[in-house]
Amino acid sequence: MTAVLPRRRPAAAYRRARGSTGFLEWVAIHSIALALGLMFLLPLVFVCLTAVMSDRQALTAELWPRQWQWANFVTVFEKAPLLTYLGNSLLYSGVATAGMLVSSVPAAYALARLRWRGRNLAFLAVVAAMMLPPQVVAVPLYLLWARLDLTGTVWPLVIPYLLGDFFSIFLLRQFFLTIPRDYVDAARADGCSEAGVLLRVIVPMARPGIAAAALFSFLYTWNDYFGPLLYTAERPESWTLSVALASFRGMHRVEWNLTMAATVLVMLPALVLFLVAQKTFVKGITFTGVKG
Amino acid sequence: MLTPSLPAPTATKPRQPPAPRTLTAGERWRLRAPLLPALVFAIALTQVPFLLTLYYSVQSQNLLRPGSKEFVGLANYGKVFTDELFRNAVFNTVTLTASTVILSMLLGIGLAVLLDKKFLGRSVVRTLLITPFLVMPAAAALLWKTSMFNPVFGLVNWMLSPFGVDNVDWASRYPMPAIVGVLVWQWTPFMMLIVLAGLQSQSPEVLEAAKVDGANAWQTFRRVTLPHLRQFIELAILLGSIFIVQTFDAIFMITQGGPGQATTNLPYFIYQQAFRAFDVGEAAAAGVIVVVATITIAMVALRVISNLFTEESA
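For the record, the sequence lines run as chains B and P.
In this text, residue positions in the first sequence follow the UniProt record's numbering: the first is 1, and each later residue adds one.
In this text, residue positions in the second sequence follow the UniProt record's numbering: the first is 1, and each later residue adds one.
In case anyone wonders, no lab produced these hints; they're calculated from the structure.
Warning: the hint list may mix true and false statements.
Below, in silico cross-link-like pairs of lysine-lysine (DSBU-like), each with a Cα-Cα straight-line distance of 35 angstroms or less [said to hold, decoys possible]:
(1) B:K283 with P:K117
(2) P:K211 with B:K283
(3) P:K69 with P:K145
(4) B:K79 with P:K145
I would like the entire structure built from these sequences, with the hints used as guidance.
This is how it looks when you write it as structure tokens:
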């Protein structure tokens with residue numbers, strides 16, 4: 001298991017590796033890294049620059065703002081009920097992620113460490129459902145939610161997570177498989193119930209995996225566009241940030257620079273969350289598929 | 001050293017020792033009884049949408065004609081298979097997914113190898129490089145459509161202007177490469193992250209040993225690093241493919257599946273069948289075909305890939 005953890009290489013090995021061509025290699029690496037990095041970052045730099053431009057300059061080919069209008073970030077809140085959308089997004093992502101943990105952790109455990117008839121079939125079903133594009137099941141589900149009179153709210157998006165999410169079940173199952181069976185067997189031999197094994201043995205040991213699954217589902221729901229578009233488009237007060245952003249210009253007659261300012265604001269929460277949890281995320285994901 | 005982990009059900013084949021004999025079957029059932037029904041329920045319930053899809057796929061139903069529902073057996077599947085638009089969508093999905101996965105994986109490996117070296121500001125560069133993956137796809141699509149691909153003031157034309165490119169409307173002249181470009185931009189960071197984790201888990205002793213044996217940098221990479229990375233690459237390809245096959249936002253917002261049907265992939269085709277043509281039966285049948293095909297390809301492809309790697313590194 002330790003094989004996957006990042007390891008510092010001794011500095012001496014680096015110096016030896018460089019040798020006489022060291023300087024040229026250093027320059028080459030820096031310039032290639034810089035070029036590739038710029039290529040990937042240019043669109044984002046452009047967003048940030050446009051976000052602080054004046055309305056008139058935003059639709060020109062000029063890249064550098066002539067005057068820095070920081071007030072755009074305030075104006076955008078006045079032009080559109082961003083806080084309402086933010087609340088909806090947080091409700092969707094927060095409740096869905098919490099619900100996913102409650103529902104999917106036990107299901108993943110059942111697939112990983114309980115022996116029962118039809119387990120492989122159930123796992124195949126989870127994998128199949130995971131690969132099913134959401135558009136496929138949208139119609140039957142929409143009709144179902146319409147009958148329950150819940151369309152126009154975020155609940156049709158959240159409730160499925162309370163019942164279990166395939167991708168999370170898959171990730172968590174893979175992670176649980178990396179936990180040595182002996183721990184589970186020892187707890188069972190001590191007379192621990194399965195629920196006890198799950199809560200006292202598996203969950204504490206699988207923290208990175210659980211964190212990665214939670215982060216993945218938060219990102220997915222935060223960025224989800226199709227689901228909110230389908231269920232909340234009819235009632236603007238239920239919109240999430242993704243739907244609001246996509247229809248920003250048309251609906252609110254908001255200028256391009258303000259749209260970009262909103263884009264920056266919408267990006268920030270996911271960015272901050274990820275940067276804080278980056279290591280856990282990578283560890284969780286790679287453990288999941290690569291058993292050391 | 002490391003066992004390959006396939007998503008295929010075969011991976012679940014018990015290689016574990018038999019259950020502890022200290023408990024009788026009755027006792028074991030008593031211990032797991034409070035847990036198991038809940039689990040079976042959770043798994044069964046998550047399958048409801050899929051079962052509904054199966055059900056709808058053998059019905060003829062058009063939402064525009066209420067009461068038109070009737071059992072038609074496999075007729076919808078026949079319709080889907082003979083539908084030229086469906087075949088076009090399959091072709092587009094394969095093109096889109098394969099090119100995106102391959103390009104973003106190659107770029108991701110390149111970036112990961114660079115980030116594995118020590119240089120000034122490495123952690124800042126790494127952090128910044130991850131950002132495209134975190135940008136909301138809808139926002140990314142909006143951004144690419146308006147500020148990157150715009151024929152008049154778009155950044156792509158501006159960057160290519162020294163090479164004689166002028167006022168090209170990328171989204172309508174080269175729709176597929178444009179979409180692939182956006183997706184590669186979004187997915188390269190993900191591939192990079194996972195490959196980087198693989199690179200950093202290599203033991204320095206092995207690399208040192210390769211050097212002592214007289215291997216040059218390329219030989220070391222090809223014979224030592226690449227086989228080690230195999231599983232990380234497979235994992236990244238698998239997870240990436242699952243999401244890239246389902247691409248909807250970028251197509252919906254940038255090209256609307258067009259021009260014509262040039263960028264209509266399966267999710268967008270199904271969306272059109274269900275929400276524009278209201279043919280629920282055919283949409284459901286197409287969905288079932290997608291799932292079966294995806295699972296088959298995932299299983300076959302991963303086998304093939306792992307076989308290739310083992311032969312090369314032998």
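Here is what the structure says about each hint:
1. For the hint linking K283 of chain B to K117 of chain P, the alpha-carbon distance of about 20 angstroms falls within 35 angstroms, and the restraint holds.
2. Restraint check for K211 of chain P and K283 of chain B: satisfied, since their Cα atoms lie roughly 29 angstroms apart, inside the 35 angstroms limit.
3. With a C-alpha separation of about 40 angstroms, the suggested pairing of K69 of chain P with K145 of chain P is violated against the 35 angstroms cut-off.
4. Simply put, K79 of chain B and K145 of chain P have alpha-carbon atoms about 23 angstroms apart, close enough for the 35 angstroms limit, and the pair holds.
Taken one by one, the earlier hints fail for this structure only at number 3.
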